[in-house]
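If you read the sequences in order, they're chains C and R. Positions 1 to 221 (this note's numbering) are the ones given, in order, by the first sequence. Positions 1001 to 1242 (this note's numbering) are the ones given, in order, by the second sequence.
Everything labelled a hint here was simulated from the structure, so no lab data went into it. Note that beta-carbon positions come from the ideal geometry of N, C-alpha and C, so glycine has one too. Fair warning: there could be bad hints in the mix.
[What the hints assert, rightly or not] Just a few of them, taken from the derived set where beta-carbon distance is under 8 Å, the chain R residues facing chain C:
(1) L1052
(2) S1056
(3) R1078
(4) P1092
(5) A1103
(6) F1226
(7) L1242
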Amino acid sequence: MSIPELIIQTWPRLLAGLGLTIQLTIISLIIGGILGLVFGLLSVSKKKAMRAIAVVYVDIVRGTPLIVQAFFIYFGIPAATGIRLDPNLAGIIALSLNAGGYLAEIFRGGIESISKGQMEAARSLGLPYGMAMRKVILPQAVRTMTPALINQCIITLKDTSILSVIGIQELTQTGRLIIANNYQAFQMWTIIAAMYFIIIMILSKISKRIERRMSYGKSSN
Amino acid sequence: MGKVVIKNLKKSFGDLEVLKDINLEVCEREVICIIGASGSGKSTLLRCINALEDASSGTVEVDGHDITGAHADINKYRQDIGMVFQQFNLFPHMTVLQNISFAPISLKLKTKEEAQAKAHELLKRVDLEEKANVYPEQLSGGQQQRVAIARALAMEPDVMLFDEPTSALDPEMVGEVLAVMKKLANEGMTMIVVTHEMGFAKEVADRVIFIDEGYIVEQGPPSEIFGNPKNERTINFLNKVL
Ligand SMILES: Nc1ncnc2c1ncn2[C@@H]1O[C@H](COP(=O)(O)OP(=O)(O)OP(=O)(O)O)[C@@H](O)[C@H]1O
Ligand SMILES: [Mg+2]
């Protein structure tokens, strides 16, 4: 069967898979972003215990493969506690924790890239630490972090495909299921790859535009 | 009573004892210039006065408040202690006007309108009225430092600390910043200025303090320190810089 014919035949399922992929990505990035911010802030804390918590979290995330993290949450935890998680929920937890670890490092790097003088100037005006962080350091840090943040969005989008191993019917799993019926592996994987590729290219284009608009004195206010 | 009273101040970084026993009283409206060799502890002393560094021992009182022991209130006390840095440290993501009005607004000391009106007035004082809506990166070093002074003044501080405010400037811009500081001194601001500008110290300071190896070695009116220094180390230092 030709690729156009396959697309016509399978597009509702492909779109549903793509939709779930995008949903998983967005939800995980939002939760991961919050985790990343919190643990990023912990990792620049003056208190050693706070920094230690962040180090442990980041090291666990970076030191284990995502597929193992997903298996642990979906199979491991229920085996120990008897609580079964919905696969989509388990997938979101795994992906959020994973993205959160990498985002924590991105936040730490962004915050540390801002000169110490900025925090000192803000504090010398009487601003409390949290307010100085929120209004002076983070807005500048996020600017420098933008390329890394967008890169992480792309990585998380691609990582959703790993969640196919716990049976989530995102785009990759959808492809597998279709092929199990029609045996058109070459054409189907071409279509699936193209779909990822197009989405990621669109993301990259948007990110380039954001980066360009980010320089001081143009769009910011 | 002194505006700033420093008693037996010691400060170490690890094994390095930078300030060994500093005693200093600064009166209201007094202008103090601190001079000394690089690494002698001038910045550290200044930074202890607004608790950017924590004293290892001793006390620093500003306006009757002991800032060394009072970490709960340090944010409040700092509002009354302006600081100007060598590297300006303006906020690059804010316009000049926002740089100046931001802290009073955020700390709810003024409404936005009041703070901006005050900012415009301060910009007039530092002769940069027309730069209100540009970003710091579009300003020269001298202009940035004048904005930084205005930003500190926006908090209506009782004391102003300057840490080598002209050292990062091209020579032709030093004058404009010193002129603003001189005007401020003449208006009666209490000022503590770490500087290598001996001309400024001679002309503007009420008292010059020479620091060496963590001690105040000699102090007095500029005519004494520059005209008739007593301590050998002061003499050596002045021979090098004058
Ligand atoms: N945060 C710090 N940690 C460790 N050592 C420090 C720190 N800050 C300053 N020092 C050391 O303390 C000493 C005094 O530093 P300080 O900056 O106060 O000197 P200074 O008189 O201001 O010199 P300069 O004229 O070069 O600015 C130096 O030896 C410096 O290396
Ligand atoms: Mg210094």
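Here is what the structure says about each hint:
The restraint placing L1052 (chain R) at the interface with chain C holds, with a minimum CB-CB distance near 6 Å, inside the 8 Å limit. Given the 8 Å rule on beta carbons, the hint for S1056 (chain R) is violated: about 17 Å separates it from the nearest Cβ of chain C. About 4 Å separates the beta-carbon of R1078 (chain R) from the nearest beta-carbon of chain C, less than 8 Å, and the hint is met. Checking P1092 (chain R) against chain C by beta carbon gives a least distance of about 6 Å; that is within 8 Å, so the hint holds.
For the restraint placing A1103 (chain R) at the interface with chain C, the shortest Cβ-Cβ distance is roughly 4 Å, inside the 8 Å limit, so the hint holds. For F1226 (chain R), the interface hint is violated, the least distance from its beta-carbon to any beta-carbon of chain C being 30 Å, above 8 Å. At about 30 Å, the closest approach between the beta carbon of L1242 (chain R) and any beta carbon in chain C exceeds 8 Å, and the interface hint on this residue is violated.
The earlier numbered hints that this structure contradicts are 2, 6, 7.
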